[in-house]
Amino acid sequence: MLDIKMIRENPEEVEKKLKTRDDKISWGELLELDKKRKENQAELDELKSVRNKKNKEIAKAEDKKAVIDSVRELSSNIKDLEMSQKEVENSINEILAVIPNIPSEDVPISFDEEDAKTIKIWGDIPEFDFEIKDHVDIADGLKMLDFERAAKMSGARFALYRGEGARLERALLNFMLDVQTTKHGYTEFMTPYLVNAQSLFTTSNLPKFEEDLFKTQDDLYLLPTSEVSLVNIHRDDIISQEELPIKYTGYTPCFRREAGSYGKDLRGLIRTHQFNKVELVQFVHPDRSSDALEEIVSHAEKILELLNIPYRRQMLVTGDISNASSMTIDLEVWIPTQNKYREVSSCSNCTDFQARRGNIRFKEKDGKLRFVHTLNGSGLATSRLLPAIIELNQTEEGYIIVPEVLRPYMNGIEKIAK
RNA sequence: GGAGAGAUGGCCGAGUUGGCUGAAGGCGCACGCCUGCUAAGCGUGUAAUCGACUAACCUCGAUUCGAGGGUUCGAAUCCCUCUCUCUCCGCCA
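Residue numbering for the first sequence is 3 to 420, as defined by this note's numbering.
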């Protein structure tokens, strides 16, 4: 959520910046409502001040009845004004709730995702001297993944991991968590997978993106990402300055309806309703969030480098960054059969946008309370990582060479064969 | 699922015959004094949000005692609904 004070003070500039990420953006009556709210409040304060004074008289008055009668009407007026003030406030909040974060100055301005800026390319793109197969065919041949049976029990876009496939997935998750906790200083969490609407409001998945979420009959939602639960750990908290930066990580499955994304279909694991992800979240001092974004990206990259997967770092354009983000860096891994890089991680600096929605503050040295900055990044999603690993490490016989760093997690085996 | 108890400031904890309580007391924290150092001690201060005034400080007004609604001239205190926590019973991985 943006600070209404900031919008009030320079509306043109804010609107201009927001138009670079959504050309339809507008906030209609927001400023008039804001003015109205202020007027109402001043009047309310005045009326209440009078009422409070009179009420104090009543306590001491001899003839209570006379004074009470004079206040009765005043109170009724106050009640009416309060009602209309509430409506005004609700309208303001509804408008503010769907306005996205302001993009950072450094984000390339464009609505075409192809304009993303490549900042870094790591690793050599491998060449194969045999006919390569995609991850679905290889995994099927090795009985690691079974999409047909997944469809039988759950429908399209679900995965069933089997045997070494399941073990490889589990190995990856454990490996990633171990790296982030032991090398990068993150505290690991296992969080609920069902969360309430308030938590999704904090991260800005609600109210605007409800159609992306699975909702239960108890009004709880399945996590679309553990960013939601990790960020909400500190909802309504006041964090002391010394505790910053706070770094949290956790594995959870992620559930997304992917409504409307049919058609641009992708085989196998690439786009499913349920996938596995290790998430990184940081709460930092506002002065440090740019550095923290760089850091979080490097933490995700470390995983790819240890797995020896070629990747590139992309800075997304204004039109492509997520609602809460002021800047987003994507990591993309090389998928041989598609002959291109595909997103495996998305790291965002949400500045104070989520902190304001979730009321997550810290105490500055001078005692002032300020909103923290929040950042999140995938570290990483296996649904994109596993295909890369399978395809990049395939042999002519259709086997998979297990990356060295994963072998300790795979009972030491060097390859997955029939 | 059933029965009962509770939710107050950064934390603990008074206050529930409605007005003098934004809220005693303690802890913590900040500053000062004291002190060879540390510890202890003494003193002062210490909620947030919105608004008025101001260069700023100060001051003043409004709101907030889990959330929402109601009763009343007036609610932390009374009533209703909801959420959460604890205890006991039931069930159970």
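Treat the hints loosely; a few may be bogus.
[What the hints assert, rightly or not] Between beta-carbon pairs, the in silico distance windows are: (1) Lys88 - Asn176: 45 to 53 Å; (2) Ser156 - Asn92: 38 to 46 Å; (3) Gly400 - Gln243: 22 to 30 Å; (4) Ile403 - Lys185: 37 to 45 Å; (5) Lys185 - Leu46: 14 to 22 Å; (6) Arg39 - Glu244: 35 to 43 Å; (7) Ala168 - Glu34: 36 to 44 Å; (8) Gly125 - Gln243: 52 to 60 Å; (9) Thr184 - Glu260: 49 to 57 Å; (10) Gly30 - Ile241: 54 to 62 Å; (11) Phe216 - Glu48: 32 to 40 Å; (12) Asn12 - Ser156: 46 to 54 Å.
[Stated by the list, open to error] When the alpha-carbon atoms are kept at most 20 Å apart in a straight line, the in silico SDA-like pairs for lysine to any residue are as follows: (13) Lys304 - Trp124; (14) Lys38 - Glu96; (15) Lys154 - Ile272; (16) Lys122 - Ile272.
Treat the hints as calculated values from the structure; they're not laboratory data. Ideal placement from N, C-alpha and C gives every residue a C-beta, glycine not left out.
Exercise for the section: Could you work out which earlier hints the structure fails to respect and list their numbers in ascending sequence? Expected result: Those not satisfied are hints 3, 4, 5, 7, 8, 9, 10, 11, 16.
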